[in-house]
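*Asks:* Spelled out from the first residue to the last, the chains are:
Protein chains: 2
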Amino acid sequence: MSQSTNIVWHESHVTKEERVNLNQHKSAVLWFTGLSGSGKSTLSVALEKELHAQGIHTYRLDGDNVRHGLNKNLGFSPEDRTENIRRIGEVANLMVDAGLLTLTAFISPYRTDRDNVRALLDENEFLEIYVKCSLEACENRDPKGLYKKARAGEIKSFTGIDAPYEEPNHPEITVDTEIQSLEESVQVIINYLKEKQYIDARR
Amino acid sequence: MSQSTNIVWHESHVTKEERVNLNQHKSAVLWFTGLSGSGKSTLSVALEKELHAQGIHTYRLDGDNVRHGLNKNLGFSPEDRTENIRRIGEVANLMVDAGLLTLTAFISPYRTDRDNVRALLDENEFLEIYVKCSLEACENRDPKGLYKKARAGEIKSFTGIDAPYEEPNHPEITVDTEIQSLEESVQVIINYLKEKQYIDARR
Chain A
1 MSQSTNIVWH
11 ESHVTKEERV
21 NLNQHKSAVL
31 WFTGLSGSGK
41 STLSVALEKE
51 LHAQGIHTYR
61 LDGDNVRHGL
71 NKNLGFSPED
81 RTENIRRIGE
91 VANLMVDAGL
101 LTLTAFISPY
111 RTDRDNVRAL
121 LDENEFLEIY
131 VKCSLEACEN
141 RDPKGLYKKA
151 RAGEIKSFTG
161 IDAPYEEPNH
171 PEITVDTEIQ
181 SLEESVQVII
191 NYLKEKQYID
201 ARR
Chain B
1 MSQSTNIVWH
11 ESHVTKEERV
21 NLNQHKSAVL
31 WFTGLSGSGK
41 STLSVALEKE
51 LHAQGIHTYR
61 LDGDNVRHGL
71 NKNLGFSPED
81 RTENIRRIGE
91 VANLMVDAGL
101 LTLTAFISPY
111 RTDRDNVRAL
121 LDENEFLEIY
131 VKCSLEACEN
141 RDPKGLYKKA
151 RAGEIKSFTG
161 IDAPYEEPNH
171 PEITVDTEIQ
181 SLEESVQVII
191 NYLKEKQYID
201 ARR
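Protein sequences appear in the order of chains A and B. In terms of full-length UniProt numbering, the first sequence opens at residue 1 and continues consecutively. In terms of full-length UniProt numbering, the second sequence opens at residue 1 and continues consecutively.
If we strip away everything but chain A, and leave its shape as in the complex, we get:
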């Protein structure tokens, strides 16, 4: 294995464009952000199911597969929340490089953290999806009983209660889960992806 051979091989590594050609759809991050209980997880699961059924190569990052693995050595301080989102952004960037339509479902309350992830990616590769829902409605849903615990002081620094949530200024897509049904919300996003040619409109 001569050094010159070495150099030749390195220059011909598989590119993102070649993966996109193999997959027959573009890669990007669909970054869901919103309060706890707003419907990020539900919506991203339903959307991924639909995309997969259409033959799209997807992956979904969420608390279940990240907090107990890659980010298990992080807590909930502002610094650790920022590092949490930074690492998720870096992994999402790798997944996009791998050709996947990557969905992430995290509260990601700080605008700066989300903008830092956007900056990692190429133009049009970061789609911020604001899952809009009033604090009141989220608290009424309270599917995991977390708001109740936060109000009782059993959870500290809970987003919306005693920690801030910063709304996106210019999200690519906004869905309002107090008004739109799950099916409608999924369709809004699918339509966007087809219109902007991330996926083939004929699928």
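Calculated directly from the structure, the hints in this document are not laboratory data. Predicted model only: the values in this text are computed from it and were never measured. Check each hint, because a few of them may be wrong.
Same chains, same names: a pair is fine if it fits in one copy or spans any two.
[To be verified] In silico SDA-like links for lysine to any residue, alpha-carbon gap of 20 Å or less:
no.	residue 1	residue 2
1	K16	E50
2	K156	D80
3	K16	G63
4	K156	F76
5	K144	S12
6	K16	G160
With the hints as your guide, set chain B onto chain A.
*Replies:* Frame of chain A, contents of chain B only:
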């Protein structure tokens, strides 16, 4: 969006098995380990090129896309090296879950660190590939001039010089880059993947 709808959707998320069905090949980590200059990077690039040409969905993690991104806040102390490999292992695990045949090319000198990654993955999903090459031959190749700098004391804790390399005890595959050509080494791994039915033997 009722809570019961929420639960139904969560239970029907896209599984690894469904992604594997879509891709028509299994997912696993091909974990290359060996000294600097042994040929890990060259071999993994050449192998990925060949797999991609056969329609396999692959991704390659290496220093270029990890050290300057996900792991840019880590140095080269033993603790940071361990955290470096831990994070790479967690990302590789996510990529395998995403259905990709994932190649990693890192010195990964500590046996315990590699075994910890193996433990993250399901059985038969971690293939340790020992890229064997004597220190003498690696030092003669010295493609990046790193051994020269390490001998001059300009780089500290350099694997093989003043930091240990622990050989794998039971690697799934061993290639000896002092004896085997690049083409032969690629073929050995392809043959293994076909024989063990990670990829279709008729490709």
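*Asks:* What hints, given by number in increasing order, does this structure fail?
*Replies:* 6
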